[in-house]
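Chemist: Letter by letter, the chains look like this.
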Amino acid sequence: MVQQRVERRARVVIRFAGDSGDGMQLTGDRFTAEAAAFGNDLATFPSFPAEIRAPAGTLAGVSSFQLHFADYDILTPGDRPDVLVVMNPAALKANLGDLPRGAVLIVNVDEFTPRNLAKAGYAGNPLEDSSLEPYTVHQVPMAALTAGALEPLGVGRKDADRSKNMFALGLLSWMYSRPTEETERWLRSKFARRPEVAEANVVAFRTGHAYGETTEAFAVTYEVAPAVLPDGTYRQITGNTALAYGIVAAGRRSGLPVFLGSYPITPASDILHELAGLKRFGVTTFQAEDEIAGVGAAIGASYGGALGVTTTSGPGISLKSEAIGLAVMTELPLLVVDVQRGGPSTGLPTKTEQADLLQALFGRNGEAPLPVVAPRSPSDAFDVAVEAARLALTYRTPVLLLSDGAIANGSEPWRLPEEDALPDLTVTFATAPNGSEADGTDGRFLPYLRDPETLARPWAVPGTPGLAHRIGGLEKADKTGDISYDPANHEFMVRVRQAKIDGIPVPDLEVQDPDADVLVLGWGSTYGPIGAAVRRLRAAGHLIAQAHLRHLNPFPANTEAVLRSYRRVVVPEMNLGQLAFLLQGRFCVPVDSITKVSGMPFGAAELAELLGPYVTKEEVPA
Amino acid sequence: MVQQRVERRARVVIRFAGDSGDGMQLTGDRFTAEAAAFGNDLATFPSFPAEIRAPAGTLAGVSSFQLHFADYDILTPGDRPDVLVVMNPAALKANLGDLPRGAVLIVNVDEFTPRNLAKAGYAGNPLEDSSLEPYTVHQVPMAALTAGALEPLGVGRKDADRSKNMFALGLLSWMYSRPTEETERWLRSKFARRPEVAEANVVAFRTGHAYGETTEAFAVTYEVAPAVLPDGTYRQITGNTALAYGIVAAGRRSGLPVFLGSYPITPASDILHELAGLKRFGVTTFQAEDEIAGVGAAIGASYGGALGVTTTSGPGISLKSEAIGLAVMTELPLLVVDVQRGGPSTGLPTKTEQADLLQALFGRNGEAPLPVVAPRSPSDAFDVAVEAARLALTYRTPVLLLSDGAIANGSEPWRLPEEDALPDLTVTFATAPNGSEADGTDGRFLPYLRDPETLARPWAVPGTPGLAHRIGGLEKADKTGDISYDPANHEFMVRVRQAKIDGIPVPDLEVQDPDADVLVLGWGSTYGPIGAAVRRLRAAGHLIAQAHLRHLNPFPANTEAVLRSYRRVVVPEMNLGQLAFLLQGRFCVPVDSITKVSGMPFGAAELAELLGPYVTKEEVPA
Amino acid sequence: MSAIDLGLPTIGGLDLIPAADGPQKAKDFTSDQEVRWCPGCGDYAVLAAVRSFLPTLALRRENTVFVSGIGCSSRFPYYLDTYGFHSIHGRAPAIATGLAVSRPDLSVFVVTGDGDALSIGGNHLIHALRRNVNLTILLFNNRIYGLTKGQYSPTSEVGKVTKSTPKGSVDAPFNPVSLALGADATFVGRAMDSDRKGLTTVLEAAARHRGASLVEIYQDCPIFNDGSFDVLRKPDKSESRVITVRHGEPITFGTEGRWAVVRRGFGLGVAPTAEVAPADVVVHDATDHELAFALSRLSDQGLDHAVFGVLRQVSRPTYDDLAREQVRTAVDAGGADLRALVHGTDTWTVHDGTVTAAVR
Amino acid sequence: MSAIDLGLPTIGGLDLIPAADGPQKAKDFTSDQEVRWCPGCGDYAVLAAVRSFLPTLALRRENTVFVSGIGCSSRFPYYLDTYGFHSIHGRAPAIATGLAVSRPDLSVFVVTGDGDALSIGGNHLIHALRRNVNLTILLFNNRIYGLTKGQYSPTSEVGKVTKSTPKGSVDAPFNPVSLALGADATFVGRAMDSDRKGLTTVLEAAARHRGASLVEIYQDCPIFNDGSFDVLRKPDKSESRVITVRHGEPITFGTEGRWAVVRRGFGLGVAPTAEVAPADVVVHDATDHELAFALSRLSDQGLDHAVFGVLRQVSRPTYDDLAREQVRTAVDAGGADLRALVHGTDTWTVHDGTVTAAVR
Ligand SMILES: Cc1ncc(C[n+]2csc(CCOP(=O)(O)OP(=O)(O)O)c2C)c(N)n1
Ligand SMILES: Cc1ncc(C[n+]2csc(CCOP(=O)(O)OP(=O)(O)O)c2C)c(N)n1
Ligand code: SF4
Ligand code: SF4
Ligand SMILES: [Mg+2]
Ligand SMILES: [Mg+2]
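Chains as they are written, first to last, in the working numbering: chain A, 1 to 622; chain B, 1 to 622; chain C, 1 to 360; chain D, 1 to 360.
Here chain A stands alone, though its shape is the one from the complex (with noise of 0.2 Å):
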């Protein structure tokens, strides 16, 4: 055995990328798990092709996953990988480009022949010309390998070809210093009724590990210690899998049934997919014949008393508008949740983009308002899940969830709650009349006579005896509800609608200022982004006060006194501007905006140079 160095390191950033049947996301999500286990924090950003799998070797096919771990908490799944695992040439020419100099490069050189170097456009080999100078390279034949080992098990090539993930997977945990057990059980329980596939797993984990351990090749391998993070309990968690969470316990906390209306779009369809594996909750999943039907559902099921959610993308909110409309008028609770993905249109369902923020708050017809929350990351999608349920039940309405792609599919660890802590949302149903007849008797129910502190109208759920009544989409009348044509009244109700909207109390937008004048504000998922650049910009001696906003309609009471006492405000967010437009539109307090729509996160080191020019009072672009 060679004897090797053990550096230790702060933080690393490593990318597998491959063609989507060579099983990068499963073993990006396996050394998520390794890293996870062993209480590093991190970061990850799975990247999909399109939704189709692309032909076999073609640069459209390439998946890749990347993962950011560290001894000390981290925001971002990184920028730029400091190893990159390639399975193929096309995944090497996808993902050259963000690699750095000095970078380690993994190759599974088996794949490099002219066919596969051509169906990737190269021209010549790019291992064998200087291009791949910079880089640390390493040329692995990991299929040749994993077939070599796997013979002796009767394993056929095309069978071993399917494990050479393992492979990588177990040359890296060596690398860095993994345990290995963990993996191995891993392998046989999830391969538990085909022992001869999980076998081979094992094996070609095992000589990827060796091969690290036995080749001189590799001079050095890494330790990345624990993280030293808050006391607590914790999990590695996707933002879709921390949503559909949250939403359990939200059934859980307000003692409703919940019940999800909802039709399958990239990327959302997860919170389906978990929520119906968790039907002993009590919870009730609906796949319907379109969006439209899926809110409509879910609208019915609040109407009888349960906590109705949908779940879509941005095309899916584009087409449950109307309904949205419904459910504001008839002041109902519901659980609107909007992964936004690159647009418009169908645009980019694998990218992430922050663009439906507008459409959110103003797309449908008529004064319409509802309010407007978003997760700033994976784990944080469980408590707005929440927050977003005690909104809808407790002011009546449909509440808008603004999730992302980067949110949904990237993963970090995620402090348990306890579920004490978690907010009581019990609701009281209306089981009794609460106003009277003309007449003056007691004993008439007034559907919309409101809570005079929160402007809620009561939930009278069907079966109730004595409260029958009737709701609709045509304009109530205050209190009894009927419909109402009358001028003044609509007046009245168009405003009060607006009141309850704009009257629910949000905690307050709280700052981290180290006595700056430029205040960086952002919403969503840019979150890890900007923390990270904020670090950097403070790192190098720049003073800069960071925000991040949780709810988007209405704004915390202190965010036009915030926003005034900055000389500048800069929004960063993945769109042409959007919250700047808002923040502009309502508190007419000018703000400057770092805008990025390429469908992919912002980086830390990219945003911390745009925003350079703010904290160094440079000329800053207008």
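The hints are simulated quantities; they were obtained by calculation from the structure and are not laboratory data. The structure presented is a predicted model; accordingly, all values stated were derived computationally and were not measured. Glycine included, C-beta positions come from ideal geometry on N, C-alpha and C. Be careful, since some hints might not be right.
Simulated coverage check for chain C against chain B, where a stretch passes if three residues somewhere in it have a Cβ under 8 Å from a Cβ of chain B [unchecked claim]:
#1 78-90
#2 113-125
#3 147-153
#4 157-167
Facing chain C, from chain A, some residues (calculated, C-beta under 7 Å) [unchecked claim]:
#5 Ala103
#6 Ala456
#7 Trp459
DEER-style ranges, computed between Cβ atoms [stated by the list, open to error]:
#8 Asp32/D <-> Arg115/A: 17 to 23 Å
#9 Thr356/C <-> Asp32/D: 55 to 61 Å
#10 Asp28/C <-> Thr221/B: 56 to 62 Å
#11 Asp513/A <-> Thr356/C: 33 to 39 Å
#12 Asp226/C <-> Thr345/D: 24 to 30 Å
#13 Thr441/A <-> Ala118/B: 20 to 26 Å
#14 Gly232/A <-> Asp28/C: 57 to 63 Å
#15 Ala333/C <-> Gln33/D: 55 to 61 Å
#16 Thr345/D <-> Arg264/C: 53 to 59 Å
#17 Gly302/C <-> Lys479/B: 45 to 51 Å
#18 Asp439/B <-> Pro18/D: 51 to 57 Å
#19 Asp300/C <-> Pro18/D: 33 to 39 Å
#20 Gly335/C <-> Asp513/A: 42 to 48 Å
Starting from the structure of chain A, add chains B, C and D with the ligands where the hints point.
Modeler: This is chains B, C and D with the ligands only, laid out in the frame that chain A set:
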């Protein structure tokens, strides 16, 4: 015959009110035609009850028609009637609140039976108590007089009852010294196929006229001289009809067949009805199964080289939003008409509102910019329809035209355009390749190669040899239009689509400025009320500037400069302040909002009062 | 009492719904809202029939819900003193599905029009039928858009002159019964607004049917489509046209059963009963899908014949029963431990800077 | 050449479309785009069949348009060197309707999936069929949502375990052929992705049919619903299941016509041909609506039998022909005078302050 006094009046506001079955709209329309033919300037405001005919005699069933006519150019249908004609107690009850002291009230007493009074919710008979003292009341047994006059013709009481509206028309025609021959001719031609009905109506009309002339009840008749309008030929027109004609004209001027895909909805349906009758102009109307199919078919027709149009109201826009996004992405010309009504949800279908502005701008997933235009008055709808079609055809983009209920059903004199004076909308389809192959050979067609000036892409219609290509809703590669998941391409395309719309040259905002430091800025149908209010304020010696936006996106290039040149900018709107928000969001210039959301237009006096504090530099409501 | 005893499993459409405490009257189901249809509108007759048939179901009034879309007919819920939801155009079946799935203790009716159900709402309708959600759907077919003042609808006859088709419509109408049968509806019936008895019989069978029942109701709109069904009402014309079917009975109609329905190839035809051997008279079997389809084809847009009664009624598991069953089974199996869910399989604990992996 | 000569009026589906200048090959219809389906996807076979059948229509290539929705199958247009529109989910029939109505000189194909056509797009589909718009609709039925990675669809069999139905789906699927027949489709056919000959025959008849033709194509999705139609492919299993119908021919199937289709009440059944009197073997008549419906019921979700071929083909005026005819008649009648339109009947003229009424 009694000797009556004749007084000259500059302007008169008459309101006819009765049960939905009483023919008030017809009566009003005919009086309007008389006023128009006489040369008065005029504006009308029909007010329908809810869509369903309510039980006869109830408040919900009251239908009214208000007409403002004058010897000078007027701007609104008038705030409060000088003369109110009521056909039953419900009509009195529903309209009395609008009547100023001293006004004339003409009552069809025959309907003031205990039963009808009860139906209208009157405890006693208002004709018998003092409640009508502030008015000059004329109690006329219209039904009985009509029946009496028709008895010799052998017309029964019930049939006679149907003609009592013509009695009212006759009486009013006499009061305002209108010529009568034309109305008689019109009645005979309208009922050409049922001469006995024509005769009955003519007799009723004459009876009403004679009643005025012969009884002593009416001491005064009035004359309203013809208005001195600019030279030209005029007709009276409603907004929906003008809009339909504008679409026909756009078809003519572009040389393209017009294809309307639409689904009926109040108050937009009449545009469909109107165009369905204009097939001779090469107009195809397709009543689709829903709004989505309506816009979908219009997109299909545009793709095939027609001028695709879709018409609807607010809830329909909500439903169409996904498909409009497709037109944004595929960059196809499309004219989308939204005749706004009271919202949210089903709202108040027969009432007017301007609350879809932000939906028009932002109601789509992703960054999906498109031009938005709005007519200011019924006749202006013609020009704005032509302009919207011009934008759609020139820039290959969907265009949203925001009309509203007041414009749609209101009418005014229209100075007729000459066809030659209309803009030339000739379109050039692509007929030849515009690019070269990768290998340099010519003959490739690039469907997303843009015109450097307009940034519009070529419009190559199926059937053109050599230009076969594919378009769709996924992000397109620059120039080739192939599907592209490339981040840099997406970034570029999002920005170029925005730049295309932002770069549309729009005529400068014109300001009528008598040296003022306050600007009142409006859009859409508030033009009339704003103009009338401004006149009042100026008449009272105040200085106030006025401007009106036809283009809501992009704004005229001088908008910001205009806004910044006033101490205060006030925006009156029939919503909760959407244009004000938009202006602040875009330009970060503080704007004051005056809002009304009652389903009714601003009155001139009401608005003058609301504007008052701004011009008098009093303390203004914050 | 169900109109047809098919010897089906005993779970009925209303079995899970609490029974009324005592007898009810039509008046009990009458709300305080003024009824607002045009004079002579067929909707009045249907309303009266529904108000008087609801008490016969003997359910607690508050456990009855009427969900409607938009249209004249969709105002229906306001006039009943039950729970009601006047929703948006075409979406009532979707909303009612969510309600029915989450609330087995409610009797859920859907009220819709030919435009609401078959134009904008066509997809939700066929999916509700296919899924067999426990809903009773009343489709008011006046062959016109009433509320929007008279455009043709997907059931209007070809050539119909309306506001939107001044030269006559050119699209072939749906046959709603055929469409429902094509969508695998388990209950399809038809009735006439003015035929209180026939309407009540079909409505009752529909309400008691477990699963989605579609009842097409021919309804007159005297304002925009006056007399559209007159040939089926006026005795001189209707007697050779109106065919009423009853499960298990030979299909004859007209005065003293003058006409009989007979087979014609794979379809059906009509012949004078006197000229037909009794064995050749078709006997109605509501469980026979192909027969029901053939019967639906007897009715055409010209109304030469129109088949009334329960055309099809079969038993098939309902979506809502099965969906609830899955949830109930899962709940009963236990394990709904939020803490366990949230923790998942791989956790680690940080305590004073020390990390302990806890993997299950 | 149409597969069935029904002696119908001679206007064919393609009659108004310019003919190609010379012979064409499959290659001519192949675009420069890389085909991106999973290895083994049934879509490849259909693409190959379409590329090679298009030249037989002998139309100018640029006068052919493929409009699709969203789904794996809806990528189809990219791979053909014709005009193509990859639109939004479920709306292709609506978009194609607008195109077909305004452009009689185009051959318009719609490509859609079971989710695209029958879930979100169900309403547009049935309306296109009812209206009989001149479209050829290829419905790729893989009984799964492929593009979104494996949720059940409205054609999935009950109990199907998918990502969204971990305990099995509980909704009864549509029978797409029954649904189309219920919607009064004038042409309904079915074929199998892998059966090049059968597929070509049905596609060609569909393209030549004037009006809306729906072709359901059973298509394998090896990734999310592998082998779903294997029982109809594997000779040992398929022989008692695959029933191919041809207009005017007795319906027998299996090796040497071992099985025959016979009447069973109002429906159909299968019997060993040897045990059936030749006169009792049902003869296919594509013009018989009730027979087509009965045939559609022979195919069930379990695939015990599946009927292929042209199940129905009848002639009925198309929406687009009639709509264009109305416009043409109006245009030909003249009077399209914009000035006259704008002026209307009542105008007045102002000249130097003097008003003259000019009423026509
Ligand atoms: C989204 C939407 N589109 C259109 C309308 C307008 N609209 C209301 S009811 C209706 C059709 C009514 O016809 P039908 O369903 O037959 O009911 P009827 O009035 O005849 O009873 C239409 C088009 C609407 N309210 N909402
Ligand atoms: C409005 C909208 N809703 C949902 C989606 C997501 N989506 C795309 S394709 C599809 C279903 C695909 O199934 P199918 O039509 O059977 O086509 P296949 O992929 O199986 O060929 C769905 C749900 C979308 N793109 N747009
Ligand atoms: S318009 Fe027709 S359907 Fe509507 S209420 Fe009047 S009569 Fe009835
Ligand atoms: S997912 Fe299925 S249908 Fe889609 S391309 Fe792959 S194999 Fe074909
Ligand atoms: Mg109707
Ligand atoms: Mg599919």
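Chemist: The structure should be examined with respect to each hint, and the outcome stated for every one.
Modeler: A quick look at each hint next to the structure:
1. 78-90: holds (count 3)
2. 113-125: holds (count 3)
3. 147-153: Per the Cβ count (5), the hint holds.
4. 157-167: Per the Cβ count (5), the hint holds.
5. Ala103: violated, 28 Å
6. Ala456: violated, 19 Å
7. Trp459: violated, 12 Å
8. Asp32/D <-> Arg115/A: 17 to 23 Å: holds, 20 Å
9. Thr356/C <-> Asp32/D: 55 to 61 Å: holds, 58 Å
10. Asp28/C <-> Thr221/B: 56 to 62 Å: holds, 59 Å
11. Asp513/A <-> Thr356/C: 33 to 39 Å: holds, 36 Å
12. Asp226/C <-> Thr345/D: 24 to 30 Å: holds, 28 Å
13. Thr441/A <-> Ala118/B: 20 to 26 Å: holds, 22 Å
14. Gly232/A <-> Asp28/C: 57 to 63 Å: holds, 59 Å
15. Ala333/C <-> Gln33/D: 55 to 61 Å: violated, 50 Å
16. Thr345/D <-> Arg264/C: 53 to 59 Å: Holds, at about 55 Å.
17. Gly302/C <-> Lys479/B: 45 to 51 Å: For Lys479/B against Gly302/C, whose Cβ atoms are near 56 Å apart, the range 45 to 51 Å is violated.
18. Asp439/B <-> Pro18/D: 51 to 57 Å: violated, 30 Å
19. Asp300/C <-> Pro18/D: 33 to 39 Å: holds, 38 Å
20. Gly335/C <-> Asp513/A: 42 to 48 Å: holds, 47 Å
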